[in-house]
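The listed protein sequences derive, respectively, from chains A and B.
All residue numbers for the first sequence refer to UniProt numbering, where the first residue is 1 and numbers rise by one.
All residue numbers for the second sequence refer to UniProt numbering, where the first residue is 1 and numbers rise by one.
Worth double-checking, as some hints may not be accurate.
[Said to hold, decoys possible] Mimicking SDA-like on lysine to any residue, the simulated pairs with C-alpha atoms at most 25 Å apart in a straight line are:
id, chain 1, residue 1, chain 2, residue 2
1, B, LYS38, A, PRO333
2, B, LYS34, A, ASN161
3, B, LYS34, A, LYS249
4, A, LYS249, B, PHE17
5, B, LYS34, A, VAL261
6, B, LYS34, A, VAL275
7, B, LYS24, A, GLU392
8, B, LYS2, A, MET404
9, A, LYS249, A, VAL261
10, B, LYS34, A, MET404
11, B, LYS38, A, LYS249
12, A, LYS355, B, LYS38
[As the list claims (entries may be wrong)] If you anchor each label on the Cβ, the simulated ranges turn out as follows:
id, chain 1, residue 1, chain 2, residue 2, range
13, B, LEU26, A, ASP124, 32 to 40 Å
14, B, LEU8, A, GLU218, 52 to 60 Å
15, A, ASP81, B, LEU26, 56 to 64 Å
[Said to hold, decoys possible] Chain B regions said to be covered by chain A (calculated; three or more residues, Cβ under 8 Å):
id, region
16, 15-25
17, 32-38
By construction, these hints were calculated from the structure, which means they are not laboratory data.
In this text, a Cβ means the ideal position worked out from N, Cα and C, and glycines have one as well.
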Amino acid sequence: MNAPPPTKLFREEAQAGAIECPACGAPITLRGFGGAEQVACSYCGTVCKPEHDGNLDILQRAERQRRPSILPLHKRCTLDDTEWEIIGITWREVVSMGMTYPWQEFLLFNPYAGYRWLIYQMSDGQWSFGGGLDGAVKVVSGLRPEATWEGDTYKHFSSANARTTYVEGEFPWRVLANDVAQANDYICPPKLVSIEVQATEHGQDLNFTQMRPIDASEVWRAFQMPGNPPPSSGVHPAAPNPHQTWFYKAAFVVLMILWLVAVVGYVGGRDNEVVYNASLPIGGSATETLEFGTPGVETNLEFEFVAGGMTNSWAFADVLLVDAETEEAVSVPLEVDAWSGVDDGESWSEGTNPKRVVIGGVEGGKYILQVATQVDPGTTFGSHKANSLNLEIKRDVPLGRYTMLPFLVILAFPIVNFIRKKSFESQRWSTSDHAE
Amino acid sequence: MKAIYVLLSIGALGLLFIEAPTSKWLTSTPERGKVERKTPRASGSGSTVRAPMFIFLSGYHGGK
């Protein structure tokens with residue numbers, strides 16, 4: 001009696017010769033060596049299982065049309081310094097809020113490096129590249145579930161039932177059209193972990209995959225595809241936020257320290273000296289000799305003109321600062337007014353009193369100050385002309401505009417960057433289960 | 001963007017350090033010009049003449 005042949009631990013290596021599809025007779029080439037668990041005919045879609053004797057056994061007969069995927073089967077590329085070949089293609093989709101979001105998955109194979117996935121999101125043109133994890137991700141459930149893997153915490157992004165709609169090529173596992181798996185995506189940009197749960201006849205099949213975004217142009221270059229890749233839109237779930245940077249925080253702190261030092265130095269270094277303060281004759285003029293500052297050194301002058309006892313009236317002061325030597329003059333017109341009344345039972349008031357004007361670039365030295373005033377004659381009913389006028393002149397005053405300008409510039413860029421960062425995140429999460 | 005931020009901030013701080021004491025840029029520009037000295041009237045009565053000594057030869061002189 002002959003003993004049965006021993007069970008083979010490994011299938012015979014796939015023959016490189018032409019194998020025909022048992023359903024349609026189309027040629028099938030196996031590239032995954034002995035690891036192919038199934039192969040789907042590119043032409044008719046019939047799914048077969050390679051047997052030990054090298055023949056193909058039909059698993060699922062189909063008569064579907066071949067779909068033109070964005071990358072063709074058996075196309076080779078170089079990614080991560082490794083040459084890969086597309087040995088399998090699946091099309092999958094999820095339906096959410098009545099909208100279908102399809103994508104294409106390309107199974108890449110290298111006999112020394114194993115398998116990788118390249119995913120093309122058909123709805124927005126985003127690409128992902130990655131592979132299976134060699135362990136299980138720890139999931140912490142809750143309102144916002146999290147997953148941890150190798151010390152990184154991934155935030156839950158979306159969960160949906162993904163249905164396989166198209167299969168082409170060979171796979172080291174069973175995948176058939178209409179297979180449904182629950183896909184749970186967690187992100188920790190620039191990484192994404194996908195946990196797929198699929199019910200099988202033996203229980204549940206769990207798959208852990210880690211992906212990262214990859215630029216469409218990089219894919220196109222890697223595959224040496226002609227032309228340009230289809231345009232992409234939106235934000236990849238795991239795209240790194242380009243506005244996530246410590247630069248603005250660090251620069252803000254340093255610049256604010258510099259600003260504080262500058263403000264203290266600037267304000268503390270000002271003389272803020274009153275060089276003239278006097279009542280002015282109403283409707284007349286006043287002349288006085290002033291000497292201020294250091295000759296040849298420029299400074300600023302602040303003029304403050306105030307009128308008292310004025311109602312629905314105006315007052316004007318024409319201030320002339322005449323250089324005693326050159327008779328070059330600086331003219332500073334100052335006008336104050338005060339208006340008030342009642343309209344439809346609502347009282348209102350407006351006007352400017354006192355009036356302040358600052359001029360800069362005035363050299364210190366000896367000047368003749370001449371002020372000529374005019375006041376409203378006050379012919380209108382209920383108006384009272386000014387009964388006192390006063391002018392104060394200060395030199396070397398600290399100006400808030402000079403301190404606030406750098407403050408606003410230093411503050412503006414971090415704020416703009418913060419808004420852009422938040423806007424990017426809003427766009428990212430808008431396609432998740434946690435959209436605001 | 002980062003370089004622009006640093007350059008603008010340093011520029012604004014430089015403005016505070018260097019230009020603020022003279023305040024030429026961020027202040028009103030006054031009208032400058034020559035004046036003409038007004039010949040004083042003879043005041044035989046001895047009363048004070050409260051009239052301007054100088055007449056500005058250009059610019060706004062106020063009034064409604």
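Honestly, which of those hints from before does the structure not fit?
-> Structure breaks hints 2, 3, 5, 10, 11, 12, 13 and 14.
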